[in-house]
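Asks: Sequence:
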Amino acid sequence: MSITISLSAAENKQAEKSWTDKLSFGVENRVRYEYKSDFDFDNSKDDNGDLLYNRFRLNCKIDFNEKNTFFIEGLDARVTAHDLARPAQTDQFDLHQAYLNFLDLMSLPLDIKVGRQEMKYGKGRLIAAPAWANKITAFDGGVLRFKRAGFYSDLFYGQCVPYEESRFNHSSSDVSIKGVYCGYQENKDTTQCEAYFINNINFAGSNDVKRNTFGTHLLVPLVMGLVSDLEGCYQFGDEGPKDVSAYALHADISRVFADIVWKPKLTVEYNYASGDEDSRDTKINTFVPLYQTIHDPYGVMDFFRWQNMQELACSLMLAPQRKVKIISEVHCFFLADTSDYWYTSSCGKVRSPVDDSANSYAGTETSLVAKFDLLDYVKLESGYAHFFAGSYLGDTGTSDDADWVYAQVSVKF
Numbered sequence: 000m001s002i003t004i005s006l007s008a009a010e011n012k013q014a015e016k017s018w019t020d021k022l023s024f025g026v027e028n029r030v031r032y033e034y035k036s037d038f039d040f041d042n043s044k045d046d047n048g049d050l051l052y053n054r055f056r057l058n059c060k061i062d063f064n065e066k067n068t069f070f071i072e073g074l075d076a077r078v079t080a081h082d083l084a085r086p087a088q089t090d091q092f093d094l095h096q097a098y099l100n101f102l103d104l105m106s107l108p109l110d111i112k113v114g115r116q117e118m119k120y121g122k123g124r125l126i127a128a129p130a131w132a133n134k135i136t137a138f139d140g141g142v143l144r145f146k147r148a149g150f151y152s153d154l155f156y157g158q159c160v161p162y163e164e165s166r167f168n169h170s171s172s173d174v175s176i177k178g179v180y181c182g183y184q185e186n187k188d189t190t191q192c193e194a195y196f197i198n199n200i201n202f203a204g205s206n207d208v209k210r211n212t213f214g215t216h217l218l219v220p221l222v223m224g225l226v227s228d229l230e231g232c233y234q235f236g237d238e239g240p241k242d243v244s245a246y247a248l249h250a251d252i253s254r255v256f257a258d259i260v261w262k263p264k265l266t267v268e269y270n271y272a273s274g275d276e277d278s279r280d281t282k283i284n285t286f287v288p289l290y291q292t293i294h295d296p297y298g299v300m301d302f303f304r305w306q307n308m309q310e311l312a313c314s315l316m317l318a319p320q321r322k323v324k325i326i327s328e329v330h331c332f333f334l335a336d337t338s339d340y341w342y343t344s345s346c347g348k349v350r351s352p353v354d355d356s357a358n359s360y361a362g363t364e365t366s367l368v369a370k371f372d373l374l375d376y377v378k379l380e381s382g383y384a385h386f387f388a389g390s391y392l393g394d395t396g397t398s399d400d401a402d403w404v405y406a407q408v409s410v411k412f
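Here the numbering used here is used: the first residue of the sequence shown is 0, the next is one more, and so on.
Since the hints were made in silico from the structure, they are not lab data.
Please note that the accuracy of each hint is not assured.
As the list claims (entries may be wrong) - Below are the EDC-like pairs computed for lysine to aspartate or glutamate, each with C-alpha atoms no more than 16 Å apart in a straight line: (1) K134 x E163; (2) K209 x D173; (3) K282 x D242; (4) K21 x D62; (5) K122 x D295; (6) K209 x D237; (7) K411 x D75; (8) K60 x D20; (9) K44 x D399; (10) K322 x D372; (11) K66 x D110; (12) K209 x E238; (13) K282 x D237; (14) K241 x D277; (15) K146 x E185; (16) K35 x D301; (17) K264 x D228; (18) K348 x D39; (19) K282 x D207; (20) K324 x E380; (21) K119 x E193; (22) K122 x D251; (23) K35 x D49; (24) K324 x D372; (25) K35 x D46; (26) K112 x D153; (27) K134 x E117; (28) K411 x E380; (29) K21 x E65; (30) K348 x D336.
As the list claims (entries may be wrong) - For each label pair, taking beta carbons as the anchor points, the in silico distance ranges come out as: (31) D372 x C59: 21 to 29 Å; (32) C192 x T365: 29 to 37 Å; (33) S172 x R77: 26 to 34 Å; (34) A84 x A406: 17 to 25 Å; (35) D258 x A203: 52 to 60 Å.
Don't be surprised by glycine CBs; every beta carbon is placed ideally from N, CA and C.
Based on the sequences and whatever the hints tell you, model everything.
Replies: Here you go:
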C-alpha cells in the first residue's frame, strides 16, 4: 500500500510540474512621441502640437500539447495631446484576443482557430492587424485552414470588434467579413500564387453595405535577384440604393544587394485605387481597402490609403549592422479622381470633392526612419517626414507643406 501511495504522489508531482511548463506569459509596453506640423496644410493656424501614445499588452498562452493551444491577451491604450485634438486611440484594459488553436485536427491536414483573434492575409492590403496605431483590429470568429504539399486554403468568418473606451468591447453580426483565401508555393524560393474572395457587410450605418472583393496576389522571383509583388482586385455589391463597382492594383519590384556593404534593398512600386466619378449617379466607384494595414504601405505620415489614389514610390533600406535598419522613402501621390474625396489611412477626408478642373497631383512625401534593436526585448525607432504640397491642394484651398517627427520605444518579454 505504501509503495502505491508513493508512486501516486510522484505521478501527481510530475503532472503538476508538466502543467506549469505548459504556461507562458508575455508582456509588451510601447511608448511613442509624435510632433505634427501643418497637417491641415495651413500654416496660418496655430495648430501644431504633440501626441504621446502608450499601449500595454499582457498575454498568457497554454500549450496543452504540441498541437493544441489557448491564447488570451488584454490591451490597454492611452494617448495624450498638446495643442492637437486627441485621437480616438484610447481604451481601458480590455480583452483583445482569446482563442483556441488546433493543428492537424483529427490527424488531417486541417487547422482550426476559434475565438477573438487578429487576422492577416497576403501583404495586409485588405485584411490585417496593423500595430502602429494604439488600437489593433481583431475579430470574433474562426479560421479553418487546409494545407498540403505547398497548397493552403483558409475559410474564415469574423465579426469586427469595435473599441468602446469605458465598456467591454463586443462585436456584432452587423459588421463582419467572411470568405476564402487560398494559395500555392512549392518553397520560399519559388513563385507564390494566391487568390481570394471576401464578403464584407456593414449594417451599422445609415446605408446597408454589402461589398464583395475578389482578387489575386503574386510574389514572383525574377532574374538577377529581383522579386516582383503583384496584386489586383475588383469590388462589387451595393451600398444603400447604389451599386458598387471598383478596383485596385499594386505592383512593385525589389532587389537586395547582399554582396554590397550595408546590404541595400531597393524597391520601386506603383499603387492605384479607383475613386468615384460622379456622386450623383447610381454607381459607387470608390475602392475601399476593408481592414487594411496602415502607416508603412503608403507613406509614414498616413495621408493616404488604398482608396481614390495613385502612387509612385521608391524606397531604400540599409542594414549597417544586424540590429540596425535605416529606411528612406519617396512617395508621389495623385488622386485617382478629383470628383471624390482624398482619404487618409484612417478614412479621414482631407478635402471635399471638386470638379475635374483641379490638378490630381496631391503632393510628395519624403521620409527617413531608423530602427535599432537595443536588446532582444527593447526596440527603438525614430523618424522624420516632410510632405511637399502639390497642385491639388493649391487648386482647392491652402497648400502649405507639412512635417512630422516621432520617436518610439517598445519593451517586449
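Asks: Give a verdict on every hint.
Replies: Now for the hints, and whether the structure bears them out:
no.: 1; hint: K134 x E163; in the structure: 11 Å, holds
no.: 2; hint: K209 x D173; in the structure: 11 Å, holds
no.: 3; hint: K282 x D242; in the structure: 5 Å, holds
no.: 4; hint: K21 x D62; in the structure: 5 Å, holds
no.: 5; hint: K122 x D295; in the structure: 11 Å, holds
no.: 6; hint: K209 x D237; in the structure: 5 Å, holds
no.: 7; hint: K411 x D75; in the structure: 15 Å, holds
no.: 8; hint: K60 x D20; in the structure: 11 Å, holds
no.: 9; hint: K44 x D399; in the structure: 11 Å, holds
no.: 10; hint: K322 x D372; in the structure: 5 Å, holds
no.: 11; hint: K66 x D110; in the structure: 9 Å, holds
no.: 12; hint: K209 x E238; in the structure: 6 Å, holds
no.: 13; hint: K282 x D237; in the structure: 9 Å, holds
no.: 14; hint: K241 x D277; in the structure: 12 Å, holds
no.: 15; hint: K146 x E185; in the structure: 12 Å, holds
no.: 16; hint: K35 x D301; in the structure: 12 Å, holds
no.: 17; hint: K264 x D228; in the structure: 14 Å, holds
no.: 18; hint: K348 x D39; in the structure: 11 Å, holds
no.: 19; hint: K282 x D207; in the structure: 15 Å, holds
no.: 20; hint: K324 x E380; in the structure: 9 Å, holds
no.: 21; hint: K119 x E193; in the structure: 14 Å, holds
no.: 22; hint: K122 x D251; in the structure: 12 Å, holds
no.: 23; hint: K35 x D49; in the structure: 6 Å, holds
no.: 24; hint: K324 x D372; in the structure: 9 Å, holds
no.: 25; hint: K35 x D46; in the structure: 9 Å, holds
no.: 26; hint: K112 x D153; in the structure: 11 Å, holds
no.: 27; hint: K134 x E117; in the structure: 12 Å, holds
no.: 28; hint: K411 x E380; in the structure: 14 Å, holds
no.: 29; hint: K21 x E65; in the structure: 10 Å, holds
no.: 30; hint: K348 x D336; in the structure: 14 Å, holds
no.: 31; hint: D372 x C59: 21 to 29 Å; in the structure: 25 Å, holds
no.: 32; hint: C192 x T365: 29 to 37 Å; in the structure: 35 Å, holds
no.: 33; hint: S172 x R77: 26 to 34 Å; in the structure: 30 Å, holds
no.: 34; hint: A84 x A406: 17 to 25 Å; in the structure: 21 Å, holds
no.: 35; hint: D258 x A203: 52 to 60 Å; in the structure: 54 Å, holds
Every hint, counting from the list given before, is met by this structure.
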